[in-house]
Amino acid sequence: MSTVQTSLPAGAVASGEPSWWSRLQTNRNFIALWFMLPAAAFLILFLAYPLGLGVWMSFTDEKIGRTGIFVGLENYEWLWDDAIFWLAVFNTLLYTIVASAIKFAIGLYLALLLNRRMPFKAIIRAIVLIPFIVPTVLSAIAFWWIYDAQFSIISWSLIKLGIINHNIDFLGDTNWARASVIIANIWRGVPFVAITLLAGLQTVSPSLYEAATLDGATNWQRFRYITYPLLTPIIAVVMTFSVLFTFTDFQLIWALTRGGPVNATHLMATLSYQRGIISGRLGEGAAIATAMIPFLLAAIAISWFGMQRRKWQQGSDQ
Amino acid sequence: MADFLTDRRSLLKGGATVLAAAATMSSEQLLGYAKAWAQTSPWKPEPGAKINLLRWKRFVEAEDVAFMKIVDAFQKANNVTINVSNESYDDVQPKASVAANTGQGLDMVWGLYTLPFLFSAKCVDMTDVADYLGNKCGGWTDSGKAYGMLDGKWIGIPVAATGGLVNYRVAAMEKAGFKEFPKDLAGFSELVKAMNKNGTPAGMALGHASGDANGWVHWALWAHGGNLIDKDNKVVVNSPETAKALEYVKGLYDNFVPGTASWNDSSNNKAFLAGQLYLTVNGISIYVTAKKENPQIAEDMNHAHLPAGLDGKTRELHLGFPILVYNFTKYPQTCKAFTAFMLEPDQFNPWIEAAQGYLSHFLKAYDANPIWTADPKTTPYRSVAATAQTPAGVGKLGEAAAAAIADFVVVDMFANYCTGREDVKTAMATAERSAKRIFR
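First to last, the protein sequences are chains R and V.
In terms of our numbering, the first sequence opens at residue 62 and continues consecutively.
In terms of our numbering, the second sequence opens at residue 681 and continues consecutively.
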């Protein structure tokens, strides 16, 4: 900033009548452009370029080790008729919707609890964050043991208690496997939702609650007409991120099931990796990844337009 | 490890003297030998060469130690540097693929299965190395040639293979009414049923386990005369033979320990060693671990080849370990020299012994290595190369066959039917559709 200021008078002194160049030099927008350039270059190089390349690749038949030729929509046409792809789309939607909804419910509940005055508040808040801090792969491996077909602690405990008489096939049965990975994702995702909502709760002025209490508002009414409306913008942001993270989840599934049993837990991200990298068909893998974009845009659009709406922003339900 | 060393010494006393000399070579002797080898080698390493070699992470510690000894001797004798990095089975291929695609990062990869065929255009022609080794070591087995050659040119050197053979508990088999391991399909199926009835169940992976699941389902398919592709690489999986194989495997699956549809490559090892699984298909690693940690199981277990197919021929899919050199390396001579050096009898014999049966050879002369006879339980693994087929089966191995195995086309077909997700016709049609796209 200081360099700009010192250089300005020098430029002005050099010419009696300001040329377009010196005017440009003093133009704040022009200078701002240069300051933004490094960040823009960074974004273009590491975000826009790979994204564009991925989309382009989805229109080619590129394989690992050799460049592809343009095949138009061929990859998409093939995926349109591919039962496994649609299964992955279904799984991804199920996984995202169920996990996000439950994460929101538990996260909000935890946030409300943590917002109360209680002993050891700081320690309890720190503990809640643990699942979020543990590297995903580590927690996935822990869950893998918990869900193991032969050595599951859950099956073992239930058998010892005499409730069941044989191991539950957590990751081998289609429905169990879906439930298991969703639970693992919820366990991991709740802290993010809870802590962010807690931060939002703390911005709500206590005087509002006091006033409401004086007016004789019940607990529910205070939540419904004070907490919830004021929390809405934060909820929109948190849930957008939560949905994006869940939709693009990869590590957890890859470590737990590899998309099995019989593709029942394959998400679009894992299927894209399996076809694109493991099986070497980059074009098809890129097409699956590109097919995720409309869903992600829709998720962003909903929260974006939601946040634009003043009514929603202010929590009015009129 | 300590047990193993005494075993090896005692067996070597009576064994071939050449081998004894090689196996007991100290590092200085090995260095002297490596220097002498470098003098006569047809490949002259580029001065000051620096090679990045990626390999699969060891399963047997002694094997890794023996391998690093070879690397060390080669480095000192030729004044070159070899950086060895290890990746777990599942991560080797993605990394190798990225290197192939970007043309940098690695000079050579010692990978799994059909890795060189996934990007054959990026592999250095290794025909001279293969011919040199073939002439010196009794020639290549047919499976070795199939694993290394594309259109008459060697694109990789198949260093060894991990045999996927039956691991079974002897007492449980005998209790099921079998004095020796069944050699035909019907007998095998009966054995699995009887073992389940006795509460000593069998189990083979039907999840996305690259090594374990692919191995035995391909055996089942081939044993019934089914094939994914014919010899012209035309997709022929939708056939009455495949249907028979599906029915057969369903019969086995219904008698397996629960949960095999979720198993990965390590699940059966864990269950077998914990005494919950009595028959599976695996490398020798269960036995090697049991000898150290669970001698009762080691005592009671044995190995056998999977039963012969309907035509009386045994075809198995084993996990091959090919080594490849990228064509963008600056040091092709060094890479070739190292590959040849590694497979020379003086290095290869001690190394294969250190692997304790986990790695079987493709070069015929290594049948004579005492490791295969010192413990009769390892002997079945000697003939791994003789029964090995490539993932292409009767077809031609190439990029497409490598892609089909990586995409679990055959595994998913069997799993779809066995778990009841699809009926026979739909399972075959789904696999046919996926395969047709890959083999177009």
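Source of the hints: derived by calculation from the structure; they are not laboratory data.
Every residue, glycine too, gets a C-beta built ideally from N, C-alpha and C.
Any given hint could turn out to be false.
[Stated by the list, open to error] Listed next, with one range per pair, are the computed distances between beta-carbon atoms: (1) R:Ala-187 <-> V:Gly-728: 39 to 47 angstroms; (2) V:Thr-782 <-> R:Ile-354: 48 to 56 angstroms; (3) R:Phe-311 <-> V:Thr-782: 18 to 26 angstroms; (4) R:Leu-114 <-> V:Pro-1056: 25 to 33 angstroms.
[Unchecked claim] Derived DSS-like pairs: lysine-lysine, alpha-carbon spacing no greater than 25 angstroms straight-line: (5) V:Lys-914 <-> V:Lys-1076; (6) V:Lys-877 <-> R:Lys-221; (7) V:Lys-1057 <-> V:Lys-859; (8) V:Lys-863 <-> V:Lys-724; (9) V:Lys-924 <-> V:Lys-873; (10) R:Lys-221 <-> V:Lys-914.
Give me the numbers of the hints this structure contradicts, sorted from smallest to largest. 1, 2, 4, 8 and 10
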